[in-house]
Amino acid sequence: MSRNASINRWNIASRVLAALVGGYAVAYAVTAFLAVYLPLARPDRVVFSSLASFAVWTAVVIYVFAARSATRVWLLIVGVTAVLCLVAFFSGDWRVRP
Amino acid sequence: MLLLAFALAYLGMTLLCLTMNRHRGALLRADTRLPGPAIIRSLAVGCFGFALWLGVNSQGGEIGTVIWLCLVMLSGLLLVLLLAWRSRWVLPAVPLLAACGVVQTVL
Amino acid sequence: MKLRQSMAGLHTWGGLLPSWLLFVIIFAGTVACFDKELTRWMRPALHDGVVSSLGADDVRGWLQQNVSDELHAFWMHGPTEREPYWRLGWEVDATKTIHNIAFDPRSAQAEPMPETLGGEFFFKLHYNLHAGDIGMYIVGLAGMFMLVALVSGVIIHRRIFKDFFTLRPKANGQRAWLDAHNLFGVVGFPFHLVLAYTGVAIFVASYMPAAAQVSYSGNVMQYFGEVMGSFEREEVGQPPPAPVSLDALIAESRQQWGGGEAGWVSVHHPDDASAVVDVRRRDRSRIGSPQDTLSYDAGTGELLNRQDASTGYRAYLWLAGLHMAQFGGTLVRLLYLLMGLAGCAMLVGGLQVWLAKREQRGDRSVIWVRALNASVFAGLPLASLALLWGNRLIPATFAERAVAEGWVFVGAWLLAVLWAVLRRHQSRRLLREQLLLGAVLALGLPIINALTTDGHLIASLGRGDWALASVDLFMIVAGLVCAACAWRLNATPAAAAVRGRSTRVQEA
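For the record, the sequence lines run as chains A, B and C.
Under the working numbering, read the first sequence as residues 1253 to 1350, first letter to last.
Under the working numbering, read the second sequence as residues 91 to 197, first letter to last.
Under the working numbering, read the third sequence as residues 35 to 542, first letter to last.
Hints are computed from structural coordinates only; laboratory data are not their basis.
Check before you lean on any hint, since a few could be wrong.
Unchecked claim - So the derived list for chain C, only partly shown, Cβ under 10 Å to chain A, looks like this:
{"id": "1", "residue": "Ser40"}
{"id": "2", "residue": "Leu44"}
{"id": "3", "residue": "Trp47"}
{"id": "4", "residue": "Leu50"}
{"id": "5", "residue": "Trp54"}
{"id": "6", "residue": "Ala165"}
{"id": "7", "residue": "Val182"}
{"id": "8", "residue": "Leu184"}
{"id": "9", "residue": "Tyr241"}
{"id": "10", "residue": "Pro243"}
{"id": "11", "residue": "Ser249"}
{"id": "12", "residue": "Tyr257"}
{"id": "13", "residue": "Met262"}
{"id": "14", "residue": "Gly263"}
{"id": "15", "residue": "Ala343"}
{"id": "16", "residue": "Ala349"}
Glycine residues also receive a C-beta, built at the ideal position from the N, C-alpha and C atoms.
Could you put the whole structure together from the sequences, leaning on the hints where they help?
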């Protein structure tokens, strides 16, 4: 019983961390990605992608607590963040096009 | 004109409320006959729409819509508070608000 | 089923933990709807509603005579309907300190008014808790918690439409409070959602720097310049020529806008030959004022740049404008005030649900949560009233008057906290006494205002000065409501006593 409770506690702590840190990381990555790939002028890309970031963060938090497995949550968060950040930051001159 | 919009929003909320059996008993006598819920709901939507038109007409599209939304929310709050504590005032409040609205619009 | 459970946990704890902070933010924001009216009330020099006859050059003249530091920039705002006086602020180059003063509108010369925190105190409390950048991030995080709580709240609500009109004050504690929490949350949902989102969006550049880092490689100056379409000029290190008249530049700007009004006028590095005067347009007829700023050379008056904000920035301004409610006049501010109060009620209701649930289980630790509730939900309004008392009672000649007012606020709040802790076992009695104190403080304000200034209620009503009278009137209404609640709490002890006894039995 107490083992269950402690597992549960770790599970919750992991999800809280995933929601706060992971959620911000995904929002950051999505914002960076959209700021590069939205088909708009540079100032508009930057502003609209930034404004959308809070919705992304909120959605990630909801997902983190709705998902069945905390491991899957972490895998997905790390995966999405890594892929989007790589695609965004290593896009050469494309990312600073006007 | 905006008080009239508020009265319309309140009327719309009251109509929606009347489609629910739970509240209908508190507001009307048991033998009162009403049209079907679909008709009442569309009337309510009409009220909200007319209120929106009034808001947009007097304050312009953007600001009018914001004011309208606030008025709808506040009319809902007023209706629920009246329902909870002074349910006999719910129906008389409709003509009262409407009269105030008309007076304000005319002046 | 599983989803609803996990969302319920998220809503309960994600909503509960920041709820006291959110109450401070929402309450302060609600008061800040009428910050300028409050400022007028707090400055007796503004009570008779005289509009300043000074010009921008008089204000700059005062600055040149009285401030010898090298300035990074200074900025000023002329009299408006809600603020009939000149405001001036400046940033010292070396120390980066910012100073703000306001000029007495009755005086023909530029003469500063006695300082006060003003209604801006609540505005600042709303967006950064008077804790600078850290406070701004804390408020932003609280805003995110609110967004999550709103979304998860919708997911766990079983019958949003069926229970839309349901409020059963006579039901048992938890049920009644849940109804109330749902009512204010669901009916006010569009407002809460929009205000939470636009609220976090205002400081988006600080909260989410990702886009600027990737698309501008972190070059902040270029980023802001391009997004806002604003104008910057490097310092050249030479003394400035004699400056042109600011009033003339304002007049020219108004002509350029076809009669539009000027808002903030700012001068950047005024002690350098590269000094630039920015005249910003003030447009209250739209939600997001486009702020098309005109930039002039401070020495020659030549028009250097006409701000052409990007579509994105206009969208941002629209969102920020929607939050700040500077459009649509008093009506919109009044509606925001009422909806803000609904937000406060939602928070209080939610906490009461949590408490009632635990009280039924006989959880002892709820007393401390009750004490925390009493110290925040009642303590903050009481401290705000104390601040206004302090404003009236601290003499105008007192040095560092605004700081003293701040200490009155802090001290009053600490006392309220202490009181709540000492009375933690008698929450009902505490609430009644707090309501009574609130009534006395609120009803006393119009009286003390009448005794210490000429701007009493009869005078302001006689002039038709509703902006000033509204503060006194609001205090009277709030005081009467507090008194009525206290009286009701006294008059219906029967039901409460039963409930109170059962909790005490459970606690024992």
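Hints, one by one, checked against the model:
The interface hint given for C/Ser40 is met, as the beta carbon of that residue sits about 5 Å from the closest beta carbon of chain A, less than 10 Å. The criterion of a C-beta within 10 Å of any C-beta in chain A is met by C/Leu44, whose closest approach is roughly 5 Å, and the hint holds. A least Cβ separation of about 9 Å between C/Trp47 and chain A falls short of the 10 Å threshold, and the interface hint therefore holds. Against a cut-off of 10 Å between C-beta atoms, the interface hint on C/Leu50 is violated, since the closest Cβ of chain A lies about 14 Å away.
Of the supplied interface hints, the one on C/Trp54 is violated, with its beta-carbon coming no nearer than about 19 Å to a beta-carbon of chain A, more than 10 Å. For C/Ala165, the interface hint is violated, the least distance from its beta-carbon to any beta-carbon of chain A being 20 Å, above 10 Å. Taking 10 Å as the C-beta contact cut-off toward chain A, the hint placing C/Val182 at the interface holds, the least distance being around 5 Å. Checking C/Leu184 against chain A: minimum C-beta separation of about 9 Å stays under 10 Å; hint holds.
Here the hint on C/Tyr241 is kept, as its CB sits about 8 Å from the closest CB of chain A, short of 10 Å. Restraint check, C/Pro243 versus chain A: the minimum CB separation of about 8 Å is within 10 Å; hint holds. Interface hint status for C/Ser249: upheld, as the beta-carbon distance to the closest one in chain A is roughly 5 Å, under 10 Å. A least Cβ separation of about 7 Å between C/Tyr257 and chain A falls short of the 10 Å threshold, and the interface hint therefore holds.
With a least beta-carbon distance of about 8 Å to chain A, the hint placing C/Met262 at the interface is held under the 10 Å criterion. Residue-level restraint check for C/Gly263 holds (minimum Cβ-Cβ distance to chain A is 8 Å; threshold 10 Å). Of the supplied interface hints, the one on C/Ala343 holds, with its beta-carbon coming within about 9 Å of a beta-carbon of chain A, less than 10 Å. Hint status for C/Ala349: holds, given a least beta-carbon distance of 7 Å to chain A, under 10 Å.
Hint compliance for this structure: hints 4, 5 and 6 are broken, all remaining hints hold.
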